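Novice: The sequence shown begins at 1 in the working numbering and counts up one residue at a time.
Incorrect hints may have been included.
[Said to hold, decoys possible] In silico DSSO-like links for lysine-lysine, alpha-carbon gap of 30 Å or less:
(1) K33 / K9
(2) K222 / K197
(3) K197 / K238
(4) K108 / K90
(5) K33 / K78
(6) K78 / K14
(7) K108 / K192
Keep in mind that the hints were calculated from the coordinates and are not lab data. Computed from a prediction, not measured in an experiment: that's the story for all the values here.
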Amino acid sequence: MKATTIDGKAIAAKVRAELKERAATFAATAGRKVGLAVILVGENPASKIYVRNKVTACEEAGIVSSAYHLPADTPECKVTELIEQLNADKHTDGILVQLPLPEHMDEKRVLSHISPRKDVDGFHAVNAGNLLLGNGCLAACTPQGCIELIKSTGVRIAGKHAVVVGRSNIVGKPMAMLLLQNDATVTVAHSKTADLKSITRQADILVVAVGKKEFITGDMIKPDAVVIDVGMNRVDGKLYGDVAFEQAADIASFITPVPGGVGPMTIAMLLSNTVTAAEQHA
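Please construct the entire structure, taking both the sequences and the accompanying hints into account.
Specialist: Set out below in structure tokens:
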């Protein structure tokens with residue numbers, strides 16, 4: 001039997017509808033709307049599309065979005081100065097710096113200037129540290145979205161063996177922490193893992209975030225596993241995931257498509273973090 005495709009668009013739409021109500025409640029109580037500032041440096045085509053999608057999503061949710069588009073040759077100090085201004089702005093609840101930044105900028109240094117309470121991407125060291133410690137924090141958006149997608153299947157995370165393929169600070173590491181918080185037994189695999197296939201075939205829940213087209217094939221998947229494909233690989237104008245979808249769908253019980261799986265949830269969780277940030281510091 002073919003795996004059930006997890007409809008990220010439908011789940012994200014439900015989340016965004018709930019967020020719209022929360023944003024309206026906040027506006028009625030605080031006397032102002034939730035505010036998100038998005039900083040884009042340069043002319044990266046994909047980044048411009050991502051920013052436009054985020055601005056549109058904010059408008060639909062009743063969140064005020066302010067986009068700051070700076071030239072690619074902007075000095076790093078000018079970007080950090082803008083961030084500090086937004087940190088002090090009472091109408092700005094969340095700050096997002098669209099990555100990647102131009103090569104002359106140090107991404108970690110730039111992101112470190114964002115106030116942890118306005119770090120809606122969940123990338124700041126303070127938020128990453130709180131996630132590790134199990135404290136309340138603004139967690140990375142894509143891993144949060146993945147957790148919601150897994151829960152939508154009705155499969156219980158507690159007690160399951162979850163394998164995360166990829167160890168990035170944006171997805172792999174925070175994904176592992178969130179799975180641990182949900183009482184899974186977690187293995188993190190990566191490019192240096194020996195006999196990767198033997199590891200992935202143990203996974204009741206398999207989350208793949210390696211950035212390689214169809215890297216995980218059907219023979220690497222445990223029967224009836226839940227497969228979450230974070231990959232977004234554009235080849236010859238077409239999007240592919242990190243998982244060979246058709247092969248995996250013959251083995252897994254649930255699987256996310258690319259596109260239409262994790263992507264919509266990432267933006268929904270960004271909005272969720274923004275509303276949460278506003279509610280916590282009203």
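Novice: Taking the hints in turn, state whether each one holds.
Specialist: Against the structure, the hints come out as follows:
1. Taken as a hint, the K33 and K9 pair is honoured in the structure, with Cα atoms around 25 Å apart against an allowance of 30 Å.
2. Taken as a hint, the K222 and K197 pair is honoured in the structure, with Cα atoms around 10 Å apart against an allowance of 30 Å.
3. Pair hint K197 plus K238 holds up; C-alpha atoms about 27 Å apart against a cutoff of 30 Å.
4. For the hint linking K108 to K90, the alpha-carbon distance of about 25 Å falls within 30 Å, and the restraint holds.
5. Restraint check: the Cα-Cα separation between K33 and K78 comes to about 27 Å, which is no more than 30 Å; the hinted pair holds.
6. Proposed proximity of K78 and K14 is contradicted: the alpha carbons are some 38 Å apart, above 30 Å.
7. Between the alpha carbons of K108 and K192 the distance comes to roughly 24 Å, so the proposed pair stays at or under 30 Å and holds.
Violated hint: 6 only; the structure is consistent with all others.
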